[in-house]
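> Below are the chains, spelled out letter by letter.
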Amino acid sequence: EVQLLESGGGSRQPGGSLRLSCAVSGFTFESYEMNWVRQAPGKGLEWIAYINSAGRMVDYADSVRGRFTISRGGGHSLYLQMTDLRVDDTAIYYCVRDVTGATFDYWGPGTQVTVSS
Amino acid sequence: SSELTQETAVSVVLGQTVKITCQGDGVSTYYPNWYHQKPGQAPLFVLYGKNNRAPGIPDRFSGSSSGDTASLIITSAQAEDEGDYYCNSRDNRQFGGGTKLTV
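Chains C and S supply the protein sequences, listed in that same order. Residue 1 is where the first sequence starts when you use the working numbering, and the numbers rise one by one after that. Residue 1 is where the second sequence starts when you use the working numbering, and the numbers rise one by one after that.
Heads up, some of the hints might be wrong.
Said to hold, decoys possible - Computed cross-link-like contacts, DSBU-like style, restricted to lysine-lysine with a CA-CA straight-line distance of at most 35 angstroms:
| hint | chain 1 | residue 1 | chain 2 | residue 2 |
| --- | --- | --- | --- | --- |
| 1 | S | K19 | S | K50 |
| 2 | S | K50 | S | K38 |
| 3 | S | K38 | S | K19 |
| 4 | S | K100 | S | K19 |
| 5 | S | K100 | S | K38 |
| 6 | S | K19 | C | K43 |
| 7 | C | K43 | S | K38 |
| 8 | S | K50 | S | K100 |
| 9 | S | K100 | C | K43 |
| 10 | C | K43 | S | K50 |
Hints were generated in silico from the structure; no laboratory data involved.
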């Protein structure tokens, strides 16, 4: 059974940093592209970061480029390093498997990030 | 690539058919994917390509496309189909704004 489980969410003040993790199981992690998608309170889905299966190609939404870094570890984990956090980064962050071409077939339950002063 | 536009809200009578649309310049080339999100839950993958259901999705869900508009069609809508529906572009990964479906 495919499973994704995010962790590392929490509360920070503006300008702070946070590192999200996503532990995956039930599939060959090295064979899949991965993404982070977020959802602000009462708002729609926003794709924010992508990494290819080899970990050598990444892409970001304009809203987070230069502040967030996506990476993947050999221990079946996906990461999102978040720096210079802003109030509008407050959202639920989802770890998402990409079966091919931005087709997001499995989602984790999400982890809450709150940025406020 | 372009932005994807969805209706804000759509309603359907129980057991009737409803169509939810996703409009954008690249839709006819890169058929969008569809996701269903119930309150407090993560999104669920529903449809991909022109008309392909994700595993476990009932056959009352189908897709169609015409010009720059793709549609998710629910035949004989059920109460459990309520929630938000999102399309996403396979070109630039962006999501449409979402459609709230009321049954």
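> Each hint: holds or not?
These are the hints, each one checked on the structure:
no.: 1; hint: K19(S) / K50(S); verdict: holds, 15 angstroms
no.: 2; hint: K50(S) / K38(S); verdict: holds, 24 angstroms
no.: 3; hint: K38(S) / K19(S); verdict: holds, 18 angstroms
no.: 4; hint: K100(S) / K19(S); verdict: holds, 12 angstroms
no.: 5; hint: K100(S) / K38(S); verdict: holds, 10 angstroms
no.: 6; hint: K19(S) / K43(C); verdict: holds, 22 angstroms
no.: 7; hint: K43(C) / K38(S); verdict: holds, 13 angstroms
no.: 8; hint: K50(S) / K100(S); verdict: holds, 22 angstroms
no.: 9; hint: K100(S) / K43(C); verdict: holds, 11 angstroms
no.: 10; hint: K43(C) / K50(S); verdict: holds, 27 angstroms
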